[in-house]
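Q: In order, the protein sequences belong to chains A and B. Position 201, counted from 1, in the first sequence is what the numbering used here calls 320; the numbers after and before it change by one each time, with no gaps. Position 309, counted from 1, in the second sequence is what the numbering used here calls 563; the numbers after and before it change by one each time, with no gaps.
Incorrect hints may appear among the rest.
To be verified - With a cut-off of at most 25 Å between alpha-carbon atoms, the simulated BS3-like pairs for lysine-lysine come out as follows:
id, chain 1, residue 1, chain 2, residue 2
1, A, K689, B, K634
2, A, K207, A, K258
3, B, K515, A, K461
4, B, K785, B, K729
5, A, K791, A, K745
6, A, K233, B, K785
7, B, K729, A, K233
8, A, K685, B, K634
9, A, K197, B, K785
10, A, K197, A, K233
11, A, K638, A, K628
No lab work stands behind these hints: they were computed from the structure.
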Amino acid sequence: MKRWLVGIDTGGTFTDLVAFSPDEPALRLAKVPSVPEDPSTAVMAALEDLFSQGVEPEAIQVLVHGTTVATNALLENKGVPTGLLITKGFRAIYEARGWTRPDPVSLIDPFYSKAPLLAPQRLTAEVDERMDFDGSVYKPLDESQLRESVRHLRDQGVEAIAVCYLFSFLNPENELRTAEIIAEEAPGVRVSLSSAILPLIREYPRLSTTVVDAYIGPVVEHYLLSLAGRLKERGVKTPQVYLMQSNGGLMRITVGARFPNQTLLSGPAGGVVAGLRLAERAGTGNLVTFDVGGTSTDICVIAGGLAQQTSEGVLGGQHVGTPMLQVRTLGAGGGTLAYVGKDGLLKVGPASAGAVPGPACYGRGGERPTITDANLVVGILGAGSLLDGRMQLDLGAATRSMEEIAQSLDLTPQDTAAGILRIVNNHMAIDLRLALQERGQDPRRFSLVPFGGAGPMHACWLARAVGIPRVIVPGHPGLNSALGLLQTEVKHTYVRSAPGILDEFDVGKMNSLMEELGKQAYADAREEGFQSEEVELRYQLDIRYLHQGYELIVDCPNVPVRQEHKAGIKQDFDTLHATLYGQSAPDEPAEIVTFRLQASIKVPQLTEQDIDRGGDIKRAFKGERKVFDIDSGENVTVAVYDRSLLGAGDSIAGPCVIEQFDSTTWVLEGQKLTVDASGALVIDTEVIK
Amino acid sequence: MSADPITTEVVINRLRETAATMEHALYHSGYSTILRESQDGTAGITDANGRVIVVSGGLQYHSLPYTTAVKSVLTRFGDKIRQGDCYVLNDPYLAGNPHVPDMMVITPVFVDSELIAFAVSLAHKADLGGLVPGSSGAAAREIYHDGLLLPPVLYSSEEGVNEAVEDIIRNNSRVPEAVVGDLRGQVGCTRLGAKRLVDLCGEYGTATLTWVMATLLETTAARLATELNDWPDGSAEVEGLLDHDGADIDTPVRIHVKATKTGDRLTLDFSGCSPQTLGPVNCCTPTAQAVCLLAAIAVSDPTIPINSGLVDQVDFIIPPGLVVSPQHPATVNHYFPTSHLIYSVVLAALGQLNPTRAVAPSGLGTGALAVGYPYSRMGKRAVQYELLVTSLGGTSLEDGASVVLPINHFTPSTPVEVLETEYPVRVSCFDIWCDSAGAGEQRGGIGFIREYEFLSDCAVTVRTSNHTYGAWGLKGGKPPLHSRAILDPGTPGEEELGPLVTCHLMAGQVLRLQQSGGAGYGDPCLRAPEKVAQDVADGYVSSRAAHEEYGKTL
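Chain B with its partners taken away, still in its complex shape (with noise of 0.2 Å):
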């Protein structure tokens, strides 16, 4: 079997289009402001194999974990499997999502009672009980802590949603409408994929959307191998240190890679990495190689469609119970700054061996804000969740773009106006942090300063990663300011957090957070002098750094 180049073009731009469909009904009726606001999720379709084809969405690492919860879907249910079911799992170990709040909804695709693909999509739930309120607790030492582990089990099919699954899954979460209103909006995405999938059948016929299928990893594998064909063989060693693990808050964590470049293909070894932690800094093997795979394809060409291809070109050396291969029952809840930053270290090493595409460091430490209050405006328990971003670092070509998030993400922020109505929650300031950006001939985007004055007592989970041990500038570029989380600026009670923690705050207290900006790219001192005023001027930079980093006096 095969089809001809037209027609392949015209099937893959179908695949693309249902994967789009999926993603506007998962975000079009969601309940929860973190999926509609944030996004936090994505949805697509893999092969009969869990293979992902094609996924939309602005959450790109999250896609490739789908495999694993495709074939954990398979192993428990294998010939049960029918046509209308829809299975849901979050337990990192089985599911291979990042962290447990982020559900998978999996239904199989069936053409003439063959089982061709599935549909999937993975959202982020706004609490699944667990220590703390949005469930990803600093306290938390084993997965349990984490919240809610649903393995496999079969949520929906034909005859109707399984109320058991659904009244357990209620009966765990501090705000059971939005998640259970969210879990339906991702029945009803994969549904539509499912069903979109078998009307291309009929149009095209079974046995080319399959050929499509696998030609499109196949291009995918094929793109990647021609850009590593170019690069010099050779290899590099990179790492970077998280602050700590959240248990013992005297050791750094370090993550480490040695990429290898061989012909056409990669290996990256992560041996160099700290075994797993008590803490919840581990990121599972399936995000991280996802956030690997990402950054090959960020040094050599952005526009290479994303899917299950890329991991054929890339071998992997990731000895079981590191940082990076943590093994049941470690907990993962705080897994996003380490992905950051195995996404940095390894953008850095391909960086080297492919210099055309390298760049400054994004700021480390995003991460996240979960406060917990016992009643929002509307007088119910709820939970306001927003993600905590950074800048990109200098490239040879422009600064750093501010505040966005570094890795493969789509966000918007929640609106400082949506938090005041929905929370009792002021918020202070959201400002530009002057000098927090690594000065360069190009430098960094500008970090942030973002300040909550509770108007009632709450619990507050700070989930960062970076006030110890922070990005570092590229060819003679310098590194950002580490970010920092203070409580009660100001005032006698003033206290620097550390990076990873969870308090419980009274009605009147304050907390800044301020967020590093990108690194720096190139000496400083060849910024061109006007470029310089100007940042002056803006607020980006002080004369001091002016004059302290760049050289220039003004």
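Pulled out of the complex, with its shape left as it was, chain A reads as follows (with noise of 0.2 Å):
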């Protein structure tokens, strides 16, 4: 029996299902519609139809699933009521919610309001205890009193209790005897410990995060049993079903429940894991990944075969610390609109047409212009070219829905269409730049690999905009999030602050807070059904300059560590602070805040076979149609391949247009596209190296 790895990821729109077997070089695919009342029915109608393709349900040794459940529950207010503990006397820190305004326009706008509090006041007790600043005992707990709270909490219906006290991350003593009386106390109530979930200094994140994980967890759990229980049912019985979490690795879908934060970034880090494994194929460490959604743009810099992980994600106005790939957000995507700003000039997003009505062209109610009007306005996509002309685009509509705003600028419906796509392309090539600018990066060492249906559309463009040399575009763009599911390994953080300066850290206490973490991930791994021996460790510490608010995080390559180990990481850290933010102090001295470890855990993935060798383009060739240059405001003409016939080494010089079953790639004049042998558009931008 051929033995299958099955990735299905959760999408707003289509729940998409990719299935690999080692033994057959054809992947097979299914698109459903999603189910957002109940996002497992959408995974099994999906499974359905792959084993309608002939794959047996006992064959499936892999199924990792990207979900979107958590972040639903969080941005949708869908979680259970939720109780909080917290030490006596720090009510306004939750209230306070670190007493910032998010962003210039709500720092002047005196209507401004916050997100809501996910454990009201109400449901939040004080507990007499507390610890000092160097993790020892300042005022014992009161259990007594902590029983009666616990007992009012439960009382008042709460489902899950978080509890956060200050400095808990140093001595987690009373949060530990904490969870022991709430489970004698309040049986059945989910508990969840900010010295469990997020052992780090600044108690804001940490208790923003605590409390997330309450108010989301059970809805995950519940999902994730009643997942498992109708997988076990249709005869999925492997015991590898995995969850892809935001730091971009996997977890057994048993301990899902444990972790829902992990879930949060779930959908977007699947595409970058297949950045990720396209940078390995490529044999470059550097690129940008660039996802172009519906309604929004996910772009996410690999620098050095890495992607960058962030402890500052904001979800709906939540904050969440729990480490999660840093993938930046833009308000553009497909179905973004266009309009005339309040100042006369045109403006595109962020709102956006959504799926419903969606794009003028799409033929379902919307009138409005959109980036994908846009596009076919233009010619960059064409009316038959979506779904292998399953789906026909109404350029007459998309032409149409320019007219209010080309009659207000007193320009043509095309000059309109081309001044979106002008501004849209600009908004984008911003935050390409920012994203790198971020990282320290100069964007001629990087690549740029779009994905999502219009994310090649725009790519070519955009690398010349930026100054980034080569556009690599996938095999399935729009599958991509999906085919990353199986291109990746289990993997956990863990994280535990405890500051204190490099030099005098006594190397004792270092391995010692190092030894725990490890143990920590060992224990975990049994948990998940592993051996010890698949673990692979990787240490890490998060340094800054004494004085500095941010630490950045620098690897600990010698464990156990010793005194002679320091000055090395030190060089890193400065090395690193002078990448970034252009200076470093290598006199000054280097404080430690936290100790990080990443574990991680083979599983078996999808290996990519390489496509066949082409050697005639006239087999690809499709015919020829008008583009619109919003560059130049002149029409081209451009020729147009089918990508499902060319083959490895094939050779087309820009301008041209590739389309195929899930997207569209747009190359400029100037450029040139090779496939090369995985089957990927490589294509040289032809900017000054």
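Grab the two chains, each in its own frame, and use the hints to assemble them into the complex.
A: Here it is, written out as structure tokens:
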């Protein structure tokens, strides 16, 4: 029996499935409508589609799932009634939410309001206890008062309780005891301890992260149990069922309910993982993934083969410090709307026509112009190019949608469409540059990897504008996130703050802190059904100069650490600081803030096969069409090719359009496209290197 | 010269990108906690005459004073300005900066030997000498007490850092490393901005860039004009009081504005304000005008881009020698609550002219706490500096937001765990303050209590303002409680401190700050009973207040 690896990615509109067998060259694909009320229904429907293609349920060796259940529960305020236990006297920590106002317009707006407290004050109880700044007990835990508070919360009907005490990241004793008491007084209530979920210094983000975990935990748990049950019922018996996490790694579905925050960025993570794999295959460590969806675009910089992690995520106004891939999101996707602003200039986004009514050209009732309409009007997108012509686009409707703006700006509809594209491309280019700058990276050393159906229509223009010399269009841009599910390993990040000056930090204490993290990693691995030998560990330190407010992550290659290793760590930190911020202070002492461990475990992965060699590009030639060049304002005649008929080594000079089932690629004049052995389109963008 | 509307939009976005890039560089290379954690700084671009084009960062009233600073550099250095120069200045009477710790760095932008713009940044320094750690002392009586005063001087050029200037700065600060570290971060930021602007000229042409910069100013002016045109003509007068100036504690300081709207223009007359004060509550005119202009867009359309174009629609009547137009050498270190009050009275006056955007005022008395310790946890002399916030007033739609800075200021709080790790202090509470918000159909945001137990001797400066005179309710809404500062609460030695004091404390003493909530909007009796019940359950409102203020028996 052939063995199959199956990736299923739940998206806003569609649930995508990709299946791979080492014994078969072609991938099996399925695309079914998502079911937001019960996403597992769509997951099962996608599987039924696969089974109808002759794959047996028992033949599934590995199943990986990208889910939006956690994200939606948070964004739509559909978590459970949540209680909160805090150190006595500190009710304002959550209320203040870091006391910031997030963006320039809200800074000015007297009507500004904050995101709701997921655990309201009436379900918050103060606990008499206090740790000092060094983790010593300043006030012991008042257990009888705590029991009373827990009973009160239980009687209020909370289904989960978050616990966040001051300095618990240094000494979790009181939080651990609190968990025991909750188990006694309110059995069945899910408990989230800040010292377990995010043992990092800075109480507000730790508290917020813990409350999010409590709030969405039972929802995720319920979903995963129901999904696991349905899979079993349908004969998918493999123990190797995984979830994609926000950090780009997998975790066993059986532990998923313990780490609900880890699935908050499950969707975008799949695409980034596919990008990482592509980087490996293309022999480059530096690329930028550029995932254009219906309403937004996700950008992730991969430098030196690594995607950056962040601990400063914000979703729906809620702060989540759980380590996740650093993805920059821009409010511009295929359905993003164009309009004339109050200043009389053309604006694009962030408002979107969404899936319904969608772009005017979809003929589902949309009348206002979107980016997809603009691409159709200028001819980059062909009326019959979507889903191999199964979905016809209405050019007339797209052109009509431009007219109101065209009249007010005294432009033709075509000029208007070109203007929309120039502006949105410029927005995208700015975000690409800012994403690279934040990591101190030079675009000339990068490749741009566009995906999502619309990504490859914009990428060549963007790469030229930003100064990125190469675009790599993956084989299935529209299914990239699902593919990514099958291209990674199990990954967990463990953190623990313990501030101290690097030079003076007792190495014995450093080693025992790291040993503790290691023990935790091994314990989790065993719980997930792996052997200790399978676990690979990578230790890191979050370091800053004294007085600085934020840290950088530096590898700690030698464990156990010896005093003489510290100079090397400091040097790596100085170098990284200089790269990111243009300066360093080698003479200033550095301070360790957090110890960090990345644990990984290999699981079977998709191995992509090379495609056949080409030779005769005429085979793939579909015809010609006029494309309105957005820069010169002239119509140019360009050749259109069918990607499925191109072979390895084929080469085409721009301008040209490459069409395929799930995407369209637009190559500019002066650029040159080559199909590589893997089938990726590699485009030399002709920027000055 | 002109550009098509598409190119114009594209170049405008590129200018914003330049400011965002500068902001990122500013916040991420600074040394002190105030710049990194509080983000108390801004960066942006002016044209060759100092008119502000675009600014990024969380402190928007910083931006318009850039003009004064650039003009000072032009006056002093004129033709001697060279590419790569970085000028530094912080004398409020020359630089327009709100107070002495806010240091400006200015870098000219040359294209083909033509001066086309300036890249500017402004960032708060942890300490520049003066009477107390943190520089801004309650006992200051003239600007010389506020710390080191730099006129425009050349800090660095293409030849490198002017070490003499840097030595002077170092020698005048209690925390020289943090100050010089931040200053170098500012230089990196303005140089980066200048380079980006030169690149933009290469891409789109210098003529296009300067035309778009001018267009940005015109558009902002035109958008404000359109908004003003929609309001009925008329005038409104509002005044508010600061408790006192710190020198004469028996006399409140009055901020009075008469706002007159005629056609598409607005006149703000401050003739009714108190004279300039001996104590440090004076607010220099550039900052006063900046908060007025921000209030104008807050009451009309907060999406109007902030730049010097706002100046063109508003006429100011500000006779010299008032608390909003102090003359040298008046001290200005405690301008913050004053500027907040100016913003609040203008917001209220303009709310009368445009009632659909009227809101109840935020709690007054935003300010700061500065604590100087002989030794930090790391063994060095250290200054803990925290901004003190309040909450927003109720609006026609919703309760006021709790615990934020009301005036155009992005400032995360310093985490308790960071404070205690860095300084010998224990924060004994950071709590919500029941009944501190003004009652209303939409109540104000909730005030808070923050209490510090000092673990070593230290010098503490409290700078707030509304212990006696506070905010007022709107449309039947009630005022919030006044702020308080209490030394050693609950002990025999308990002492109510004034809003503006410096005191030397011993280890073990406790300081409790109670910061006012926001004011209420609308008659409290009209508040939905279930909301009142929820407020009581949440601890925002007491049962007593539910009964007495809201007329609800629970």
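Q: Run the structure past the numbered hints and jot down the numbers of the failing ones, going up.
A: none
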